[in-house]
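Given the sequences, and given the hints that come with them, work out the whole structure.
Listed below, chain by chain, are the residues.
Number of protein chains: 2
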Amino acid sequence: MKKIFLFLFLGTFVLGFSQQTMLSLEDAVLGYQKGLNPSSLNDLQWVTNSNSYVFQKDSALIFTDAASNKVTQNIPLSDLQKSYPELTRFPRLMEISTNELVFTNKNFIETFNYNTQSKSASISFDEAAENTEYNSKAKAIAYTLNNNLYIGTLSNPKIAVTDIEDKNIVSGQAIHRSEFGIVKGTFWSPEGNYLAFYQKDESHVTDYPLVDITTYPASLKNIKYPMAGQGSEIAKIGIYDLKTQKNIYLTIDTSDEHYLTNLSWTPDEKYVLTAEINRGQNHVWYNRYEVSTGKKVNTLFEETNDKWTELEHDAVFLPNSNTSFLWFSERGGFMNLYHYTTDGKLVKQVTSFNWVVTGILGFDESGKNVFITGTGADPREMNTFKVNLKTGKYTKLSKVNGTHSTQLSTNGNYLIDSYSSLSIPTNLEIIDTKKVKSTSIYSAENPLKDYKIGTTKFVTLKGNDGTDLYAKITKPANFDATKKYPVMVYVYGGPHAQLVTNSWLGGSSLWMTAFATLENYIVFTLDNRGSANRGFAFESVIHRKLGDAEMEDQLTGVDYLKSLNFVDSDRIAVNGWSFGGFMTTSLMLRNPGVFTTAVAGGPVTDWKYYEVMYGERYMDTPQENPEGYEKAKVHNYIKNLEGKLLLIHGSIDPTVVPQHSMTLLQEAVKQKVQIDFFTYPMHEHNVRGVDRVHLIKKMMDYIVENNK
Amino acid sequence: MKKIFLFLFLGTFVLGFSQQTMLSLEDAVLGYQKGLNPSSLNDLQWVTNSNSYVFQKDSALIFTDAASNKVTQNIPLSDLQKSYPELTRFPRLMEISTNELVFTNKNFIETFNYNTQSKSASISFDEAAENTEYNSKAKAIAYTLNNNLYIGTLSNPKIAVTDIEDKNIVSGQAIHRSEFGIVKGTFWSPEGNYLAFYQKDESHVTDYPLVDITTYPASLKNIKYPMAGQGSEIAKIGIYDLKTQKNIYLTIDTSDEHYLTNLSWTPDEKYVLTAEINRGQNHVWYNRYEVSTGKKVNTLFEETNDKWTELEHDAVFLPNSNTSFLWFSERGGFMNLYHYTTDGKLVKQVTSFNWVVTGILGFDESGKNVFITGTGADPREMNTFKVNLKTGKYTKLSKVNGTHSTQLSTNGNYLIDSYSSLSIPTNLEIIDTKKVKSTSIYSAENPLKDYKIGTTKFVTLKGNDGTDLYAKITKPANFDATKKYPVMVYVYGGPHAQLVTNSWLGGSSLWMTAFATLENYIVFTLDNRGSANRGFAFESVIHRKLGDAEMEDQLTGVDYLKSLNFVDSDRIAVNGWSFGGFMTTSLMLRNPGVFTTAVAGGPVTDWKYYEVMYGERYMDTPQENPEGYEKAKVHNYIKNLEGKLLLIHGSIDPTVVPQHSMTLLQEAVKQKVQIDFFTYPMHEHNVRGVDRVHLIKKMMDYIVENNK
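From first to last, the protein sequence lines stand for chains A and B. For what it's worth, my numbering labels the leading residue of the first sequence as 10, then goes sequentially. For what it's worth, my numbering labels the leading residue of the second sequence as 10, then goes sequentially.
No lab work stands behind these hints: they were computed from the structure. In this text the structure is predicted, and so the values were computed from the model without any measurement. Do not take every clue at face value.
Identical chains share a label here; the pair holds if one copy fits it or two copies do between them.
[Said to hold, decoys possible] Straight-line alpha carbon distances no greater than 20 Å define the calculated DMTMM-like cross-link-like pairs of lysine to aspartate or glutamate that follow: (1) K408 <-> E693; (2) K679 <-> D221; (3) K405 <-> D36; (4) K245 <-> D172.
Here's what the structure looks like:
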């Protein structure tokens, strides 16, 4: 009793009243707008071919020399406003050289010489343009309008690269539903003389009908949605020659619906490399095509795998070479780098880590070293390394334990290192890549210092098969180990994602932290097998049987929770979205009695309703793997429900279409099982913006009300 | 204490254990299948031109002479099976004469002479036929396939009356969304020489997109839905001459989207009469058209009304006259009968009741008297009267207080009277129309006699404007007036419906009765102004301001409830569907604090999303009555919510389209108001079949859980 009194005394007089402020769910959800996320330097980037970096502050662009850490120049907004009076704030920069800023101003690409304070002619493009990609060498911008691709140049804002009436044929946009590392549909050649682009023919892809309820009356909003086992898209690669203004298409027969990805140019612009993957996704051909003819030159190599062959990285050519490049491959169990030549020769395996390489930042001035990102030994981290291309010798450049995001200066001399960890909100450092020396340039203060917040700690558990499983546990403020707390297990569990990271809040959303303290809850999350950054074996055990290994690991987490004296084993709820919705419904229905309450958002309930590219990679087709589909189908377990289950779905979810929840509701009704449902009208996959507060409140209210 | 003991003693030994059986919600909802509805005689009907009636029992058709009440004949199923071996049970009869039975056998109309035991040739029609209407004089059946109309005869099963490719043009089906008393789209002429039919052109009616989630993937299920203020259908009347096999269309210009209804033939087949109502629904022209030319002969009369002119009854010609007919009109404030001639002369007003005439059964042999149905002095009843056409003198033929449904023998000598009341499950009597004498032929036993059931009693309240308002109150079994009970107000409240009737259970669904006892609830229902069978003033006070008077009366009901010592005033819930969903959401949101809990099914939330024909009658168009629409729009009150609100909607509701609930959800999310929602996949307006058990449980669980 005396101890408690002392605590209150200190709380009030020493730490100040503000320490006692409760963090509301609303503020937590809107954390970014409310200033509750760690701050940083705004629009921080390197000046091209320079040791200087810039950031924006107080309506000015601040230049700093990385070597001396001295501010060298300061361009106020007013300088730009003389040339661009319509600017009301400093624009986001697309490029910055030692003379010029390049930025988008409405539907113009502007180039401003900040030394002479003079503007160059604007490159204009259509106001309705989407998927814009500017290229400074071409002095041109590629963009799409509806299903066609255009280029805007100094002389012509709208040159049609394609002019195809058939809406089923879409050019210049990401294809294959952005799987296989695809993020865009346009690829400028290194010198800007050509524009390669993806084209997809969706004639055989069925429409999925979504309904827009904001029109009078409601109206149809069809989307193209290739469902597992059904007709898929036919991809093509076109190459537009800016000089001749003509297109050529690579001569690839994709009538078997195989995939095209990882498009790269050779630096001399003579060839395009692309990986081709069969629809079954267990065989890759890496092929070289000649730009002038569109014909295949050679297959550099093939890769096959019993489970799947997934590519997510384009080739990266070595400096000053038209033939040597680095290639990412998981063939050895972990993503590593391989040095190849365009005639298909494997020069050497550059890295042989038993952890995952995630990216290439670039090379140093000598061209002898490559800078890469990867987890390093602790998969919860993200680090930056310098690797000698010849010897494979490597140095870890990011010293502090945590999650590092780095930008390499174009000359390879410096890195901007932005990182956080469980105990660090955000730090910024400049790393001298030669001296391997860091200089701090920014340290964000704890944005939650005035709030009553509990703690988040990591836990490492052993899975049934002996694998290390990483988890985190968030306790409320004023946690009392002699009490019993209810638990919310927050789960995702699907491929390509990792929720337990050594970053600010351990990678958790701020609302989870707030919820723990507001409701005196334990929040627990575990990354099961199948999740990212653990290597192929860990990730691929899920093949053809989604849910099985994932659930087993989550239940290892639940066993751990039940072993804790401060956990009320009879009050465990589970919550997740998307794949996490699949996990939530599966955990609830296939393990009756473990959880009292489940809230599943945008859940996959039957993999046959999910898309071809992602779904067939993990499950094959419904025709090839009927038992697997049947076993994973949540509907089959609805009769088992013990406790309360709430499904939530965006009414126009184009990713996990509403059919997943609707058919599960139908089955529940048929089986006479009472479940709950809510739909967010006109929201897609998940609920964003200010409406997210409503969603989080709905979910947490449901859990608090029923998890007892 | 002693008293209670005595009761238990009696309960066990005298009344037997079965009296204590609780009626489950499931059994109550499935009452019909479970034998919990009052029994009756099956397929009871008159033999044409005879004093005999027939019904089916034990796979036989029993003939009884109404005068002697003696069984005269018995036709076993086996007699029919000799001619129709595929019959597994006695078919439902379409017609029965003193020789022949006419019935449908799959896609054949069969005529069987039961005296000679011989079958006539079958009239076949298409297997996919819908909207079938057989005519024995024509020996032909009219039917529709998709949007076209066909006739099947002895010689040809598929004669195309229309052959129109454009799916927007629909022939032979009910038009105007079955408002204005329209129940079908085909009208055989009295001698069977012609088939008149409705045709509608829906080119200007927008599609409403519904989604079928049972296909793979989900697919679009467009319906034509004319929303208030938007483009409506263009109606036509066609007449097919069976001899010439040609169509003629009445020359009516309906480009102003006016309505055609109440189609009648003159007995000589020379003319067709039809009422035409302007789209504003405040002006009726009753017109006569010549069959041979399709041209208008005359307008018999016009009716106008400041509020609306609603017609629901066709002309009924007097026996042996081609020119004299009876016409229903509400022009005097109550629906009464008027004797007109086809040249437009009003011969006389036949009835002048200050209660509502609801139908004409036919005439007696002399043709001097007409048999009509109507409420009589107590609007909660339905009775049958004989009215002298000349003198207007009338006799009430249905003697017992209650709700009577009568069938007149074709010769006018006898009535079959089927009736129930609060205390009578179902009684059947034969009424001799000359002697006005009744003979009991059947008395159903109480189907709930073995169950623990509470009581339902009528209450008459005074509305704020002095009007009598009829209500009913159901108490649980073992009701104890010294206790406080929570209440569920069940509401409909819209036009054309009446929930408080002197019939079995007072007109309540059996699940309400079961719920009262299962959960120790009071269930209360009141018919507010606007509801049916009270005359035009009572019904039309709602014009242009739906919800206002209706809510006022419902709150009179709530005040009454609060005045009862056994009612817990702090625990009142409200529940309703369709217009009742509009009432439920309006009551909840526009009167915060009155109800703790509301469950609204298939609710209208904004009248602009409702259909042209019904919606504009009561509200005019959104353009004409913007204030009225705005005031009634439930969205405007969502911010007021106190307590819990659950919306339920059929996912393919074609009547109150899902947009009503979806836009209200969207507004709730926008206003940061937490409400609940459930949708029944692939259910239309309301949830039918075995799934209805799930619905009722969901609604009642929600009320029990939250009404506290």
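Intra- versus inter-subunit Cα pairing at 20 Å for K405 with D36: neither (38 Å within a copy, 72 Å between copies)
Evaluate K245 and D172 at a C-alpha cut-off of 20 Å and name the case that applies: within, between, both or neither. within (15 Å within a copy, 46 Å between copies)
Within a copy, between copies, both or neither: where do K679 and D221 come within 20 Å Cα-Cα? For K679 and D221, the Cα distance is within 20 Å only across copies (17 Å; inside one copy 28 Å).
Under a CA distance limit of 20 Å, which applies to K408 and E693: within one copy, between copies, both, or neither? neither (40 Å within a copy, 63 Å between copies)
When the structure is compared with the earlier hints, violations turn up for hints 1 and 3 and for no others.
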